[in-house]
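**Student:** With these hints in hand, go ahead and build the complete structure from the sequences.
Protein chains in written order, with our numbering: chain A, 1 to 284; chain B, 1 to 284; chain C, 1 to 284; chain D, 1 to 284.
One thing to keep in mind: the hints can contain errors.
Identical copies carry no separate label here, and so any pair may be met within one copy or between two of them.
With a Cα cut of at most 20 Å, we get these calculated SDA-like pairs of lysine to any residue [claimed, not checked]: (1) K252 with H100; (2) K21 with H35; (3) K252 with Q270; (4) K252 with E113; (5) K252 with I215; (6) K252 with L267; (7) K164 with I182.
Simulated from the structure, these hints should not be mistaken for laboratory data.
4 protein chains.
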Amino acid sequence: MSNPTATLLISCPDQRGLVAKFANFIYANGGNIIHADQHTDFSAGLFLTRIEWQLNGFNLPKDLIAPAFNAIAQPLGAKWELHFSDTIPRIAIWVSRQDHCLYDLIWRHRANEFAAEIPLIISNHPHLKAVAAQFEIDFHHIPITKENKPEQEAKQIELLRQYKIDLVVLAKYMQILSADFITQFPQIINIHHSFLPAFVGANPYHRAFERGVKIIGATSHYVTTDLDAGPIIEQDVVRVSHRDEVEDLVRKGKDLERVVLARAVRLHLQNRVLVYGNRTVVFE
Amino acid sequence: MSNPTATLLISCPDQRGLVAKFANFIYANGGNIIHADQHTDFSAGLFLTRIEWQLNGFNLPKDLIAPAFNAIAQPLGAKWELHFSDTIPRIAIWVSRQDHCLYDLIWRHRANEFAAEIPLIISNHPHLKAVAAQFEIDFHHIPITKENKPEQEAKQIELLRQYKIDLVVLAKYMQILSADFITQFPQIINIHHSFLPAFVGANPYHRAFERGVKIIGATSHYVTTDLDAGPIIEQDVVRVSHRDEVEDLVRKGKDLERVVLARAVRLHLQNRVLVYGNRTVVFE
Amino acid sequence: MSNPTATLLISCPDQRGLVAKFANFIYANGGNIIHADQHTDFSAGLFLTRIEWQLNGFNLPKDLIAPAFNAIAQPLGAKWELHFSDTIPRIAIWVSRQDHCLYDLIWRHRANEFAAEIPLIISNHPHLKAVAAQFEIDFHHIPITKENKPEQEAKQIELLRQYKIDLVVLAKYMQILSADFITQFPQIINIHHSFLPAFVGANPYHRAFERGVKIIGATSHYVTTDLDAGPIIEQDVVRVSHRDEVEDLVRKGKDLERVVLARAVRLHLQNRVLVYGNRTVVFE
Amino acid sequence: MSNPTATLLISCPDQRGLVAKFANFIYANGGNIIHADQHTDFSAGLFLTRIEWQLNGFNLPKDLIAPAFNAIAQPLGAKWELHFSDTIPRIAIWVSRQDHCLYDLIWRHRANEFAAEIPLIISNHPHLKAVAAQFEIDFHHIPITKENKPEQEAKQIELLRQYKIDLVVLAKYMQILSADFITQFPQIINIHHSFLPAFVGANPYHRAFERGVKIIGATSHYVTTDLDAGPIIEQDVVRVSHRDEVEDLVRKGKDLERVVLARAVRLHLQNRVLVYGNRTVVFE
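**Tutor:** The following block contains the structure:
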């Protein structure tokens with residue numbers, strides 16, 4: 001990335017002049033805006049925006065941008081995040097026994113679809129150790145039982161710290177994380193194998209088959225303490241028919257899961273996802 | 001239709017030789033099969049098939065086909081329906097205040113997409129009387145309250161008899177039919193404005209908006225006494241984003257509702273839908 | 001529309017500070033921006049933006065906005081258009097014999113999906129006169145032959161002037177407009193019944209059938225003198241199979257044509273389509 | 001596969017009694033039909049069918065099925081193929097420098113989506129040798145120039161013979177095969193990175209970008225001597241917008257190419273694709 005950028009994600013009570021104020025902050029400091037997008041949620045009275053500008057030629061040094069912008073944002077009551085494209089996030093992929101999302105994420109990483117590093121795989125099963133080895137990623141097997149969950153989650157948190165992980169991607173990790181874990185490490189993206197809110201919970205493909213639906217889906221969302229109810233980042237669907245047995249739904253669903261999870265991770269890494277309440281704005 | 005056809009829809013405990021037996025029945029009587037499709041539900045142990053053949057040149061007179069076929073079907077334990085393409089079904093469209101599905105069904109009828117007659121519109125509101133008049137279809141306004149529902153349903157049943165109706169299409173009829181009504185007149189197709197089983201019940205667009213889904217859908221199904229849980233005939237979806245307010249979901253949803261309901265009605269009229277349990281086989 | 005808005009569509013050689021300059025123009029005059037979207041075409045070196053703000057509370061009277069903005073735009077080399085939401089555009093729908101797009105546009109107009117008036121229908125055939133009468137829209141039958149085309153186009157131009165038409169929508173008008181006509185009246189949206197650039201020209205459904213494609217499409221585009229090659233506004237597709245005869249492609253295609261044309265017209269009427277070169281930016 | 005099956009793919013001049021005759025052949029020999037599907041192309045006067053039955057309990061030994069069926073088929077003028085599910089086809093994957101389809105096919109093979117063996121990878125570049133090694137598949141680097149093409153194709157044909165290959169899958173192999181090669185080895189499936197027949201030939205993504213299309217696609221087809229014009233097996237599409245640069249089209253297209261090629265290969269391996277003329281019937 002020869003020309004690094006800074007990105008602001010801002011949510012702010014709606015009021016006159018916000019576009020001008022934020023744009024002026026960049027312009028006054030010599031920045032060149034390359035993407036700016038905004039959305040107003042009229043019912044919530046919120047102005048939501050994403051602004052990305054080139055750091056080359058920007059007069060403020062990187063460590064002064066946040067305090068300088070805060071001087072503008074605070075009086076407006078804005079919440080905001082600042083990201084730099086040359087600070088590469090670090091991802092831990094969590095899996096159980098299924099390998100399709102893992103292979104897909106790794107392949108995309110190698111194809112440069114993700115501006116991120118993937119130094120760590122955590123699993124409650126040993127099955128995918130060989131895949132990790134094949135691509136030279138550290139693999140930690142942390143089996144989970146009802147009894148050992150708290151101490152194993154402590155180990156997981158410790159690993160995330162040790163590997164300096166910024167984002168956990170649950171790539172078909174078939175365990176529920178405790179509220180305590182999520183509080184300690186809230187940056188988690190999950191893939192759910194149904195078109196949420198249909199078939200919340202376990203065995204969505206079996207239940208889709210029984211209900212006789214004509215379309216199945218997959219949903220990628222941020223994990224919250226409310227199971228399968230976190231803010232949705234991306235969804236997609238595929239047609240099925242009476243000819244599809246449960247195993248066909250599973251097979252077709254895998255293709256969805258791979259693509260939907262990958263899109264959500266990519267959007268997150270590009271800082272295109274702004275969460276407010278239980279909703280997302282995806283600045284595509 | 002210069003060359004009328006007969007269609008058998010059969011569901012039968014699976015056993016060796018069914019395709020041969022059914023095909024031989026047609027062939028031995030000089031019939032020319034123009035469509036034959038089958039499906040085996042292995043978990044239910046059921047063989048399901050649709051066979052359509054030309055009546056020209058068929059040796060059996062129309063009124064003897066059913067008894068003759070029954071002699072084959074009964075020993076096999078088969079359930080079956082027989083339809084003739086030159087017996088034109090009669091549809092009653094039921095509406096409330098929204099006109100989009102009504103206009104669409106009428107337009108398709110005039111464009112010869114439906115082999116059916118539409119002699120009757122029933123509504124619990126007077127609003128669409130003018131549309132009915134415009135296309136010269138009888139319109140009956142039957143307002144429904146909690147108190148008058150039983151007697152009004154009796155009037156509706158009487159109208160269906162009087163107009164010799166074969167199929168009721170609920171084209172955004174915003175009332176729940178009683179179990180008693182459904183028992184008396186079970187051939188009812190409904191359009192539900194969500195991707196069932198997501199957002200069962202009232203106000204699906206508002207709830208889809210609140211949940212922040214990225215895709216909305218519509219579902220056409222047969223009506224059963226279990227609300228919004230009848231056998232699904234057809235579904236379709238459309239992408240939405242944070243830029244879509246509830247009113248945009250409603251607008252986009254209308255396009256879905258029109259198309260999904262029309263497809264379901266057409267499939268039903270072509271005798272392509274075989275219901276078993278709470279599922280459908282759609283022989284497309 | 002209790003709160004009218006103004007919308008600027010701007011394309012401008014890319015340079016530092018454009019977002020700030022345009023936003024400041026609105027803010028300095030007391031305007032409240034409710035939508036702002038931008039795109040940079042890096043290969044073309046162009047900055048493209050759409051800004052919509054409320055006129056209530058805006059200090060500049062409507063007739064001074066254009067000259068005031070021009071003082072900013074001209075030094076930057078910008079091309080721009082200014083639209084007011086309370087200036088209602090007038091549409092002429094042109095048809096031949098097929099009625100599906102016509103009915104659909106009229107229905108949407110009545111459902112308030114289009115902020116426009118539709119005072120005029122022009123056709124080279126008399127067939128749809130009754131539809132026009134049904135909805136009380138003036139209908140002019142202007143038959144076209146090779147010989148009379150220049151004089152008939154003169155009549156058409158005269159009608160467009162007389163009815164103060166802003167936009168011509170070719171809703172399955174099966175005639176090619178002359179280059180001369182297009183030069184005189186360039187605001188024309190067409191629906192082409194294929195997934196352009198596949199099957200440019202005549203009989204796309206027949207050719208799609210012969211080629212054995214598994215998906216068909218429809219394309220709405222601005223009309224230019226280069227047949228079927230104008231800037232694309234919207235496209236959509238539907239799956240087909242070997243079971244679909246040409247007449248099924250036609251039937252399925254009609255549903256596409258209706259929706260794709262309607263979306264394109266709506267986007268145009270909301271001033272969301274910015275044409276540059278032979279491409280469009282659609283600010284959704 | 002504990003219960004192997006036989007599958008007949010038949011195309012036959014349409015005539016009375018075909019379903020009965022073919023079904024009787026299976027039934028008379030004690031076979032249990034588990035799938036039967038048919039299609040009549042009325043304009044071509046052709047009856048096309050796929051029949052699959054269980055070999056367990058079938059009275060005819062495998063080597064007598066073909067001659068026995070031929071005695072029925074020949075008088076009818078039928079063309080047919082017979083396949084056994086326990087005869088596992090052998091695939092050669094051909095690649096150039098891009099790895100996405102290769103990885104995907106290998107992953108699906110390991111996930112048991114393909115009933116086939118993949119013993120051979122051929123490439124005109126050395127780049128993907130390591131991928132082949134990773135999954136322990138033989139890799140042959142056969143560089144192609146204008147001058148050496150005939151002798152290199154001879155080597156390729158020799159390899160296909162040596163490895164007993166039944167099907168060549170061109171998984172982004174960026175060379176055109178000679179008519180001579182295709183005549184010698186006609187079982188070839190290709191993936192083309194456009195929604196054919198749009199953008200036949202080179203650089204479809206660049207040309208799609210320039211044309212400003214709103215949807216891109218991918219097409220999998222059998223290879224014939226007429227470049228990019230062979231019978232289409234499967235197509236799919238994805239939406240793009242002005243925000244997508246050529247490199248985004250390439251990235252989105254890769255996801256399409258993977259899925260479309262894999263579906264086509266799977267359908268072929270399940271003997272669900274019947275080619276006639278330049279069209280396919282896909283018995284799904």
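**Student:** So which of those numbered hints doesn't the model satisfy?
**Tutor:** none
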